[in-house]
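Novice: Single-letter residue listing:
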Amino acid sequence: MRKISAVDIARNVAEMCCEANYILNKDITSSLEKSLEAEESQVGREVLKQLLMNAEIAKNEEIPICQDTGFALVFLELGQEAVVVGGDLEEAVNKGVKEGYLHGHLRKSIVEDPLKRVNTDSNTPAVIHYEIVPGDRLKITVAPKGGGSENMSALKMLKPAEGEEGIINFVVETVNNAGSNPCPPLIIGVGIGGNFERSAFLAKKALLRPLAKPHHNLFYGDLEKKILEQVNNLGIGPQGFGGGVTALAVHVEVYSTHIACLPVAVNINCHASRHVERIL
Amino acid sequence: MSERIITLPLKDEEISSLKSGEKLRLSGILYTARDAAHKRLVDTIKRGEELPVHLKGQVIYYVGPTPAPPGKVIGSAGPTTSSRMDVYTVHLLKAGLKGMIGKGSRSLEVREALKEFKAVYLAAVGGAGALLSQKIVSAKVVAYEDLGPEAIRKLEVQDFPVVVINDIYGSDLYEEGKNRYKKNIKNP
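As given, the protein sequences belong to chains R and B, one line each in that order. Under the working numbering, think of the first position of the first sequence as 1, with each following residue one higher. Under the working numbering, think of the first position of the second sequence as 1001, with each following residue one higher.
It is worth saying that the hints were derived from the structure and are not from the lab. Be aware that a few hints might be false.
Said to hold, decoys possible - Quick look at which bits of chain R chain B covers, simulated, 3 or more residues with Cβ under 8 Å: (1) 56 to 68; (2) 106 to 113; (3) 234 to 242; (4) 265 to 273.
Said to hold, decoys possible - Derived lysine-lysine pairs resembling DSBU-like cross-links, with alpha carbons at most 30 Å apart: (5) B:1039 x R:108; (6) B:1019 x B:1094; (7) B:1135 x R:34; (8) B:1023 x R:49; (9) R:156 x B:1183; (10) B:1183 x R:49; (11) B:1135 x B:1011; (12) B:1039 x R:49; (13) R:49 x B:1019; (14) B:1140 x R:116; (15) B:1183 x R:116; (16) R:226 x B:1183; (17) B:1182 x R:226; (18) R:59 x B:1023; (19) R:49 x R:226; (20) B:1072 x R:49.
Ideal Cβ positions, reconstructed from N, Cα and C, are used throughout, including at glycine.
With the rest of the complex left out, here is chain R:
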């Protein structure tokens, strides 16, 4: 068994929290630049310019892209031939989050109890998803996610008869209801199939895919295109001020489902889809 140290995990998670919050990934800046050419609304173009300038300032000054530095979402893919030594895996991740948010001057946005609402002052606990995979490595993905766009997300158990059209309608309706709230231009994760919670997980995972990389299956790649076109026809535009760029991308992920079910989850992200990957 290959040994992976809990101390190393914590240190890496801390660095990744900062990196994710300071640096907007290249695929997103490229997509914003492209959208700037496509956007017909003048005020919309100005918003896109501000977002590009913002990314430059954040990177150079090492301050967060957005003040909502998010719920620390951590995906762990642990090889079945690896073992974590020198501490508890969950504790190591939370220690990394705490240190990263403290030393990186990131906002602590987590309240301990959803109704009593007292801030934990450490941005912990993180939301951690574990997967056991072949191999002897640990792949860590840190993806801080803001509350504003998360609040606009939705899940619906469709009837199988509603099919593709039902899915498109539900995504478009969700984006329309969200309007200006989730800070368009958006990146939209859609999870289709599985069961109730699997569809939500797929929608979240869909956000991690690089922009401009369509679904590997042509049918779903085409569905992504159709949804994106309809979403951009809504006219919401950058920040909801009106325009043609309401979303930069739609990413679909699918899983097998039950004969009675057609779950669809829509996870909305603002342009700041933050995610950093490392393999230990």
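Position chain B relative to chain R; hints supplied.
Specialist: Relative to chain R, chain B alone:
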């Protein structure tokens, strides 16, 4: 599109001249408050007690900034979603609040109250917190320090960029912008 230069606090005649869609650059004092601070402010009003800050004539910015890194006044400081403050807003307008800065649309109740109390709702660009932080020249916690990022701060801003969403005449930039650019909508 030209930008209007506005010095805070807002004057009544200025407020009446503002139109939805106009771009402004604000200089002067803003007070920050978001969900938790709003709840406390409104509870204080309901108990008939004095507020920890004088809101009469002032503008509130819905923001919970990141901590200031060494050598900086404030961290990232963009707007948060305004609709969460809708349930508290009418109480604050009654107390004399004249403007709010946030992002996202307001309830019909708030929009009606803006007409009644002659106040405006402005938006800053959500997701541009690093850029907006550079327009803040000083920041000081003035109430509810225990709320951390949600404490009330007094900010001095210079050339802070905003857009008028709701003026006192009932216009709404979000509705107008969307209607102008929407195409072939099958639904909704």
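Novice: Failing hints, ascending?
Specialist: Violated hints (numbers, rising): 12, 15; every other hint is consistent with the structure.
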